[in-house]
Amino acid sequence: MTKHRFDHNRYSPSYIRGILRDAKTIAIVGASANDVRPSFFVLKYLIEKGYEVYPINPSMAGKSALGREFYASLADVPVAIDMVDVFRGGDAVQGIVDEALQLSPLPKVIWMQLGVRNDEAAQKAEAKGINVVMNRCPKMEYGKHSGEWQWIGGNTGLISSKKQKLHSSGRVQSLGI
Amino acid sequence: MSEEDYGFDTRAIHAGAQPDPATGARATPIYQTTSFVFDDTQHAADLFALRSFGNIYTRIMNPTQAVLESKVASLEGGTAAVACASGHAAQFLVFHLLMQPGDEFVAASQLYGGSINQFNHSFKSFNWKVVWANADKPRSFEKAITKKTKAIFIESIANPGGKVTDLAAIAEIARENKIPLIVDNTLATPYLCRPFEHGADIVVHSLTKFMGGHGNSMGGVIVDGGTFNWSEQAGKYPLLSEPNASYNGMVLSETFGNIAFAIGARVLGLRDFGPAISPTNAFNILTGMETLSLRMQRHCDSTLKVAKWLNKNDAVSWVSYAGLKKDPYHKLQKRYAPKGAGAVFTFGLNGGYDMGVKVVSNVELFSHLANVGDTRSLIIHPASTTHSQLSAAQLLKAGAGPEVVRLSIGLEDPADLIADLDQAIKA
Ligand SMILES: Cc1ncc(COP(=O)(O)O)c(C=O)c1O
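These protein sequences, in sequence, are chains A and B. The opening position of the first sequence corresponds to residue 41 in the numbering used here, with each subsequent residue numbered one higher. The opening position of the second sequence corresponds to residue 64 in the numbering used here, with each subsequent residue numbered one higher.
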């Protein structure tokens, strides 16, 4: 099966929405326990949205934050990972993607954070049937699809005349799925 | 379907305005409240630390205001927007994020007179220095740039002369010098011109004018293009790229990526200086924006009729309207605002200052007041009002000499407007 080559400059809303809807387990490589770091924000947000999140950071292995234990590497995570969120830039990306491609089963999605893009690594992953997102933040994208992004004056890129749906917690809006 | 696939009019009505989850109200409700209850202390802490999305206090954000912001961001093609009390407040919040004491910015001298005042005089108190350049000569911006220059500021269509600025040429100079280009798009609105498509990094508006369009509510907005890299030059934009002490060392550009500027204007600017837009004004402006394209097209079409009529009138020495074929700015208008040249323009009367005063005093239908962008047609003599604080030389530079009358053409029947000007000139 030849995989459709994506335009990584412009993802369709249904592509992103599908990824955020189907993923249950997410490993964040480069997660931080420092509560002013962006990777901590994303960790916290994805946990609140009900994902089973596995923070990866060798310097934090064995410790935990927000009730989630840190692992030293992707291979140490005890469950099948649906989505690998790469919170490291530059040279580190290729190695993280290579590690992800060694996992069994393979992750369904490799997601590189806002500001992170590596087309070579992306093509490798896509060749194995993995969906890739680059230069995006899953918190921001979830926020756009749930409508929360609009609360801070953000351009969601989405229009609907349907009533927005409340998250089961009552606190935050859900993807409406 | 992605919003980018929807047309401008669909977005003017729907962008940012999905029915709310609690009541299903179809029109955007006016959330006339100062504050919002927290779920618990953790929720409150998360909101204050910017870890969670959510409302705290209307000085910083409000759900009615948020609809307005998202809508403007969509129409301009930006990543996010922040609404505030007025156009001038928007300009202040923009420069607060960019400038440190002793810094400079370069601005076109062809600007709204109030902006010239703000930059020349009030900004001095902060030791922010404006250096003036000539919008007709993009190279003059380059010459004015020094190591201390933090931004370039221009108007897309300049008030009062209706002159169109060569956005792409000036954007190129900003890019080469790694400083953001700020464009005041008030007179054009995104219906006529979208500065981000020509290389702008930040767009500001006085929403008081055509965006609201009904002369009933003050408002301003800052739109983040998401294009400028605030952390590329270490220490150049410290509020955006360095740890912020009031947020426990958070770095805005790192945490908020391509909406960092908009977030900064909200969580530092609105939070600490306080020029919030009222929810009711946000609602009034939103309602106006739903018909933006219909109104702007009619504004432009009627203005062209009035300008053509004035151009043939013996009492009139010149008409400065880029929509006229022989106007020196017509080529730029065709490039940057092809649907129309806006509805604000100036003309000169042979009778000079006295004739200007006479026409302004004798009109019946035109309102003599200091505003533009109303459903009603407006007239003013800039030299004695909006621009009266300027020196004679500045008046000429700003296109507001003693014989100059400025019109803002409304949505009345153009034949009635022409008849009114005719009787005022002949009286
Ligand atoms: C081009 C332009 N920019 C800014 C402003 C200032 O806006 P406000 O009056 O909403 O503060 C005006 C007001 O006339 C304007 O015409």
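Since the hints were derived computationally from the structure, they do not count as laboratory data. All values derive from a computational prediction rather than experimental measurement. For glycine and all other residues, C-beta sits at the position ideal for the given N, C-alpha and C. Among these hints, one or two may not hold up.
Claimed, not checked - Using C-beta positions, here's what the derived DEER-type ranges look like:
1. A/D131 with B/S188: 44 to 54 angstroms
2. A/D138 with B/G70: 42 to 52 angstroms
3. A/G58 with B/D479: 30 to 40 angstroms
Claimed, not checked - Footprint (simulated), chain A over chain B, 3 or more residues, beta carbon under 8 angstroms:
4. 80-90
5. 130-139
6. 322-328
7. 345-354
8. 407-418
Status of the hints after comparison with the structure:
| no. | hint | in the structure |
| --- | --- | --- |
| 1 | A/D131 with B/S188: 44 to 54 angstroms | holds, 47 angstroms |
| 2 | A/D138 with B/G70: 42 to 52 angstroms | holds, 44 angstroms |
| 3 | A/G58 with B/D479: 30 to 40 angstroms | violated, 56 angstroms |
| 4 | 80-90 | holds (count 7) |
| 5 | 130-139 | holds (count 5) |
| 6 | 322-328 | holds (count 3) |
| 7 | 345-354 | violated (count 0) |
| 8 | 407-418 | violated (count 0) |
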